[in-house]
Amino acid sequence: MADAADGVTMQRYPNISDHGLIGDLQTAALVSTDGTVNWFCCPRFDSPSVFASLLDADKGGYFRIAPENECVTRQLYFPDTAVLITRFMSADGVGEIYDFMPIAGKRATTRHRLVRQCRVVRGTMKFILELQPRFDYARATHTTQVTNDGAVFRAEGTISAAGGAGAAGELTLHMSGSSASSLEEQGVTMERDGDGLRATRTLRTGQSWGVILESDGGAPKRVHSDDIHRLLTDTVSFWRTWLRGSTYRGRWRDMVARSAMTLKLMQYAPTGGLVAAPTAALPEQEGGERNWDYRYTWIRDGSFSIYGLLGLGFTDEAEGFATWLRDRAAEHAGDASGPLKIMYRVDGSSDLTEEILGHFEGWRGSKPVRIGNGAADQLQLDIYGEAMDALALADNNGVPVAHQNWLKIASFIDWLCEHWDQPDEGIWETRGGRKNFVYGRLQTWVALDRAIKMSQKRARPADVTRWTAERDAVYNQVFDQGWHPKIGAFTQFYGSEVLDSSLLMMPLQGFISPKDPMWLQTLNAIDRELVSDSLVYRYNPSASPDGLAGNEGTFSLCTFWYVDALARAGRLEDAELTFEKMHTYANHLRLYSEEIGSTGEQLGNFPQAFSHLALISAAVNLDYQLDHGAGITPDG
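Counting along the sequence shown from 1, when you hit position 630 you're at 630 in our numbering, and nothing is skipped either side.
For the record, the hints were derived by calculation from the structure and aren't laboratory data.
Hints may be right or wrong, so weigh each one.
Below, computed lysine to aspartate or glutamate pairings styled on DMTMM-like, alpha-carbon distance capped at 25 Å [said to hold, decoys possible]: (1) K435 - D414; (2) K408 - D421; (3) K59 - E170; (4) K453 - D414; (5) K264 - D347; (6) K106 - D227; (7) K264 - E580; (8) K435 - D480; (9) K453 - D327; (10) K515 - E497; (11) K367 - E289; (12) K264 - E319; (13) K453 - E331; (14) K453 - E319; (15) K59 - D34; (16) K59 - D193; (17) K408 - D472; (18) K367 - E601; (19) K126 - E184; (20) K515 - D527; (21) K453 - D421; (22) K126 - D193; (23) K367 - D351; (24) K515 - E573; (25) K59 - E156; (26) K126 - E96.
Could you put together the complete structure from these sequences and hints?
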């Protein structure tokens, strides 16, 4: 009986990978292969949801358009754009839905539009529209008003959103059609369905039917098909114009282009903040408790994104995040975490109080469903290295640090000199207590090294003598205490016998030569212990308890780091094969979540910025290694 119930649960929830992403550079939505928008937060990535059936099929709310009869479905992006096409194929006909969001621009706005256009390219199809909004993570009730031109849904009471994220309190559905006759005369049936709306229309070859769902859209109005076509044309033009700015001419253009557009979709244009993922609480293990809210900007993730963006020539996006990062450094908002917090909201505010949505059952029963993030105040010393590496890279590529910002940066480097030699929570935000993580020490060395170079290159004021002494002390400590003679490798934390794939960054950031015998031994140990048919685990939770139950999949970010490390170590054939194998784990749209499960399924929040930015960096470096010879670094 339990097995049957489990099967029903699986049928109610699509695979995490069965989705495409659309967005307008301020928020985003997931559209499944059956034509359902089952995740959408508005007006920002971190605002409360209005559609969340991905986390609760019954209570979460959704927006579905699909043919009446069962069909074979396929999904693709309109070439070189973020316009999603879902195709439905049956014996009676072939239909399509074009889903996109017109670009909102760099001014923060509460007005966002989700456009859905149905077309029939062969035969005849009857489309059914089902719209069931659920405001504030389905915690708020709403009223529904159906008119001759569409419908409007208004939340009752006041919806509060933490951190100034705002919350959609009204959604308007505008129907397309001629204003000369009623929708019914044009073949559209429309009726209230509980707290939502149901509409149908039969289309024949060459016919189309569009709708626009708009936040803060006022009264419903009839939309001409030409207006929808213009929105589509403008959106296609935006993405193609933007993508033409890429300087990448390497071997994996399609993969790199899709990853670049995915990162662009996850950057909040008004501030430059990049969310780790547009979703919350998708699990690292089906039925498990490792379910986190990733709709925030991590110092770490965003800093690494500068590598990917600059590597492709997207200096505006890199400058946007560098500016966001410099502002956080200038604020010194951290407390327990030091001058910097490990994560912020996209506008730079730091209210990330974690709470559990107990009324949601979670994707396929994966509880608890968390929003907010309790790790925000953790001490993770590595963020200072990642931040300084990013700022130094930006500084070398035409995005200089202003005087006042340099003074703030210098002050947090002084703080780091005082506080680096202590346990912290580490890169993976484990909840098993503080330890002397080797990765944290590595990034401390990076922070000090990059700060010294920035000071010397630009003749900026700094206590270089002290910074140099501390940098050398960190270096010596890592080699003295981070190396485990019995294991013959650098390990997760001092005295530990556990390996950690974050240490793949050691040669990538210049801490150790990629062909140093100590590093090659570490790489061989990672091969043995953390690599499964080219896929890489972060660490072994059973060998290093992290305070959480259950296991997890392989980590896509780490697999791409592994590709880079193999290439630099001279193992080019292994690197290229691993990279090509990794492509087979992408979903049908070349998107990656956070992790890959034992049978190749995508796990965790989706899509994951970390995965895509690491793919870009691996592709750029692997191209360079293949063209110039193994082990040669781009800077010589």
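Evaluated hints:
1. The straight-line distance between the Cα atoms of K435 and D414 is roughly 22 Å, inside the 25 Å bound, and the hint therefore holds.
2. With a C-alpha separation of about 21 Å, the suggested pair K408 and D421 falls inside the 25 Å cut-off, and the hint holds.
3. Taken as a hint, the K59 and E170 pair is honoured in the structure, with Cα atoms around 18 Å apart against an allowance of 25 Å.
4. For a cut-off of 25 Å, the pair hint linking K453 to D414 stands: about 15 Å separates their Cα positions.
5. The hinted pair formed by K264 and D347 meets the criterion: a straight-line CA distance of about 16 Å does not exceed 25 Å.
6. For the proposed pair K106 and D227, the alpha carbon gap of about 23 Å is at most 25 Å, so the pair holds.
7. With a C-alpha separation of about 24 Å, the suggested pairing of K264 with E580 holds against the 25 Å cut-off.
8. Using a Cα cut-off of 25 Å, the hinted pair K435 and D480 holds, with the two alpha carbons roughly 16 Å apart.
9. Simply put, K453 and D327 have alpha-carbon atoms about 21 Å apart, close enough for the 25 Å limit, and the pair holds.
10. Only pairs whose Cα atoms come within 25 Å are accepted, and K515 paired with E497 is accepted, the gap being roughly 22 Å.
11. A distance of roughly 6 Å separates the Cα atoms of K367 and E289; the hinted pair therefore holds under the 25 Å criterion.
12. Between K264 and E319 the alpha-carbon distance is near 13 Å, which keeps this suggested pair within the 25 Å criterion.
13. Between the alpha carbons of K453 and E331 the distance comes to roughly 23 Å, so the proposed pair stays at or under 25 Å and holds.
14. Taking the CA atoms of K453 and E319, the gap is near 20 Å; set against the 25 Å cutoff, the hint holds.
15. Straight-line distance between C-alpha atoms of K59 and D34 comes to about 19 Å, which keeps the hinted pair within the 25 Å bound.
16. For a cut-off of 25 Å, the pair hint linking K59 to D193 stands: about 15 Å separates their Cα positions.
17. With a C-alpha separation of about 23 Å, the suggested pairing of K408 with D472 holds against the 25 Å cut-off.
18. With a CA separation close to 19 Å, the supplied pair K367 and E601 stays within the 25 Å bound.
19. Only pairs whose Cα atoms come within 25 Å are accepted, and K126 paired with E184 is accepted, the gap being roughly 15 Å.
20. Only pairs whose Cα atoms come within 25 Å are accepted, and K515 paired with D527 is accepted, the gap being roughly 15 Å.
21. Between K453 and D421 the CA atoms are separated by roughly 22 Å; this keeps the pair inside 25 Å, and the hint holds.
22. This hinted pair checks out: K126 and D193 have alpha carbons roughly 18 Å apart, not beyond 25 Å.
23. Taking the CA atoms of K367 and D351, the gap is near 23 Å; set against the 25 Å cutoff, the hint holds.
24. Among the hinted pairs, K515 with E573 is consistent with the structure: their alpha-carbon atoms are about 16 Å apart, no more than 25 Å.
25. About 17 Å separates the Cα atoms of K59 and E156, which keeps this hinted pair within 25 Å; it holds.
26. Our distance criterion of 25 Å between C-alpha atoms is met by K126 and E96, whose separation comes to about 12 Å.
Hint check: no violations occur; every hint is consistent with the structure.
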